[in-house]
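Engineer: All chains, please: the whole structure from these sequences, using the hints.
Number of protein chains: 2
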Amino acid sequence: MAMIMKRLNIISRQQAIFRQRLGEKQGLSELTPAQHTLILAICRLPGRSQEEIAREMCINKSTVTRAVSALVDAGYVTRIPNDEDKRELLIYPTKKMLLALPTVKDITRRWAEIITAGISDAELSTFEGLLEKMEKNAREALGEGIE
Amino acid sequence: MAMIMKRLNIISRQQAIFRQRLGEKQGLSELTPAQHTLILAICRLPGRSQEEIAREMCINKSTVTRAVSALVDAGYVTRIPNDEDKRELLIYPTKKMLLALPTVKDITRRWAEIITAGISDAELSTFEGLLEKMEKNAREALGEGIE
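Residue numbers (our numbering), protein chains in the order written: chain R, 1 to 147; chain C, 148 to 294.
There could be a bad hint or two in this list.
Residues from chain R that keep clear of chain C, each with C-beta distances beyond 10 Å, as calculated [unchecked claim]:
{"no.": "1", "residue": "Gln26"}
{"no.": "2", "residue": "Thr32"}
{"no.": "3", "residue": "Arg48"}
{"no.": "4", "residue": "Glu51"}
{"no.": "5", "residue": "Ala74"}
{"no.": "6", "residue": "Thr78"}
{"no.": "7", "residue": "Asn82"}
{"no.": "8", "residue": "Glu84"}
{"no.": "9", "residue": "Leu89"}
{"no.": "10", "residue": "Pro102"}
Which bits of chain R does chain C cover? Going by a derived footprint, with three or more residues having C-beta under 8 Å, they are [unchecked claim]:
{"no.": "11", "stretch": "10-19"}
{"no.": "12", "stretch": "53-59"}
{"no.": "13", "stretch": "119-131"}
{"no.": "14", "stretch": "134-142"}
Restricting the straight-line Cα-Cα distance to at most 30 Å, the calculated cross-link-like pairs of lysine-lysine (BS3-like) are [as the list claims (entries may be wrong)]:
{"no.": "15", "chain 1": "R", "residue 1": "Lys136", "chain 2": "C", "residue 2": "Lys283"}
{"no.": "16", "chain 1": "C", "residue 1": "Lys153", "chain 2": "R", "residue 2": "Lys105"}
{"no.": "17", "chain 1": "R", "residue 1": "Lys105", "chain 2": "R", "residue 2": "Lys95"}
{"no.": "18", "chain 1": "R", "residue 1": "Lys133", "chain 2": "C", "residue 2": "Lys280"}
{"no.": "19", "chain 1": "R", "residue 1": "Lys25", "chain 2": "C", "residue 2": "Lys280"}
{"no.": "20", "chain 1": "C", "residue 1": "Lys153", "chain 2": "R", "residue 2": "Lys95"}
{"no.": "21", "chain 1": "R", "residue 1": "Lys6", "chain 2": "C", "residue 2": "Lys172"}
{"no.": "22", "chain 1": "R", "residue 1": "Lys6", "chain 2": "C", "residue 2": "Lys280"}
{"no.": "23", "chain 1": "C", "residue 1": "Lys208", "chain 2": "C", "residue 2": "Lys233"}
{"no.": "24", "chain 1": "R", "residue 1": "Lys6", "chain 2": "C", "residue 2": "Lys208"}
{"no.": "25", "chain 1": "R", "residue 1": "Lys105", "chain 2": "C", "residue 2": "Lys283"}
{"no.": "26", "chain 1": "R", "residue 1": "Lys95", "chain 2": "R", "residue 2": "Lys25"}
{"no.": "27", "chain 1": "R", "residue 1": "Lys61", "chain 2": "R", "residue 2": "Lys105"}
{"no.": "28", "chain 1": "C", "residue 1": "Lys172", "chain 2": "C", "residue 2": "Lys243"}
{"no.": "29", "chain 1": "R", "residue 1": "Lys133", "chain 2": "R", "residue 2": "Lys105"}
{"no.": "30", "chain 1": "R", "residue 1": "Lys61", "chain 2": "R", "residue 2": "Lys136"}
{"no.": "31", "chain 1": "R", "residue 1": "Lys136", "chain 2": "R", "residue 2": "Lys105"}
{"no.": "32", "chain 1": "C", "residue 1": "Lys172", "chain 2": "R", "residue 2": "Lys136"}
{"no.": "33", "chain 1": "C", "residue 1": "Lys252", "chain 2": "R", "residue 2": "Lys6"}
{"no.": "34", "chain 1": "R", "residue 1": "Lys6", "chain 2": "R", "residue 2": "Lys136"}
{"no.": "35", "chain 1": "C", "residue 1": "Lys280", "chain 2": "R", "residue 2": "Lys105"}
{"no.": "36", "chain 1": "C", "residue 1": "Lys153", "chain 2": "R", "residue 2": "Lys96"}
Hints in this document: simulated from the structure, not taken from any laboratory. Built from N, CA and C at the ideal position, the CB exists for glycine as well.
Structural biologist: Below, the structure is given as C-alpha cells:
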C-alpha cells in the first residue's frame, strides 16, 4: 500500500519532466510544469478568486499568490477587483495565456495518452473512480482550510 | 481521462500538505515534504549514488544534488567516496536521519490509510497494478536519461 503513493508521486514528477521537455520544444520554455497546471485551472473557469483556485488545486494560498504574481509579471494573467467585494481580486487569462493554452492542453493530452497506453477504457474508469474516492478521503481529512 | 492526472497531482499535493502539518507537530518542521520522500529513498537502500536515487525517484540529477546538499547541511546525510570509483559519492543516512525515519514512515503510513479508507484490498491491488503500468509506460517514454 505504501507503494501507491510512491508510484503516484513518481508519475506526477514524470509528467513535470515531460511538460518541461515538450514545453521547451514548443516555445513555452518560460513556463514551469506547475504553471501548466495553473493555466489549465485559470482558463477552465476564468474570473475566480485566488482562494477558489487554491482550493480546487489543493495548494496553499500563499503558494497560489506567488504563482499568480509570477504569471502576472510574465503577462499571462490580469487581476481585476471583484465588483461585489473590491478587496477580492479575480483572475483572468490574458491573450498571451489564451494563445499558449492549446499547446498546454496538447502536452497534457499527449502525456495522458502515453501513460494510459495498453489500458482499457473499463480499467481507466475503475482507476479514475478510485482516484476520485482517494481525493475525497484526502479532502475530508485535510478539511477545507488548507493554509 | 484528463481528470486522471489532475486528480493524481491533487493527491500528491494533498500528501505534501499532510506531511508538512504532521511534520511540524512531530518535531520535523525543518524537513520539507519532498525531503520526506528523499529520506525514505535513502534509508531504503543506503550507499547508492545520487544518480541511482534520481533515477528511482524520477527527479533531475541537479535537483537531487541540491536536495542532498541541503540534507548534508542539516546533518541528515553523509557523502562517502565510492571505493571503486573515487569520483562517485555514495549517500548514507546519519544517526539524525535514522532517528527521524520512524516518524517519516509513520506520517507516510497514516496518509496511505487516510486515502485508502473504504477501498477493498482487491480494488487497491487493481489500482496499484494500473499505477505500475502507467509508471512503466512513462519511464519508457521519457527514456533512462532524465536530465
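Engineer: With reference to the structure, classify each hint as holding or not holding.
Structural biologist: Do the hints match the structure? See the list:
no.	hint	in the structure
1	Gln26	holds, 16 Å
2	Thr32	holds, 13 Å
3	Arg48	holds, 16 Å
4	Glu51	holds, 15 Å
5	Ala74	holds, 22 Å
6	Thr78	holds, 24 Å
7	Asn82	holds, 25 Å
8	Glu84	holds, 28 Å
9	Leu89	holds, 23 Å
10	Pro102	holds, 14 Å
11	10-19	holds (count 8)
12	53-59	holds (count 3)
13	119-131	holds (count 8)
14	134-142	holds (count 7)
15	Lys136/R to Lys283/C	holds, 27 Å
16	Lys153/C to Lys105/R	holds, 12 Å
17	Lys105/R to Lys95/R	holds, 16 Å
18	Lys133/R to Lys280/C	holds, 20 Å
19	Lys25/R to Lys280/C	holds, 27 Å
20	Lys153/C to Lys95/R	holds, 24 Å
21	Lys6/R to Lys172/C	holds, 23 Å
22	Lys6/R to Lys280/C	holds, 14 Å
23	Lys208/C to Lys233/C	holds, 19 Å
24	Lys6/R to Lys208/C	holds, 18 Å
25	Lys105/R to Lys283/C	holds, 23 Å
26	Lys95/R to Lys25/R	holds, 21 Å
27	Lys61/R to Lys105/R	holds, 25 Å
28	Lys172/C to Lys243/C	holds, 18 Å
29	Lys133/R to Lys105/R	holds, 25 Å
30	Lys61/R to Lys136/R	holds, 20 Å
31	Lys136/R to Lys105/R	holds, 25 Å
32	Lys172/C to Lys136/R	holds, 24 Å
33	Lys252/C to Lys6/R	holds, 12 Å
34	Lys6/R to Lys136/R	holds, 19 Å
35	Lys280/C to Lys105/R	holds, 23 Å
36	Lys153/C to Lys96/R	holds, 23 Å
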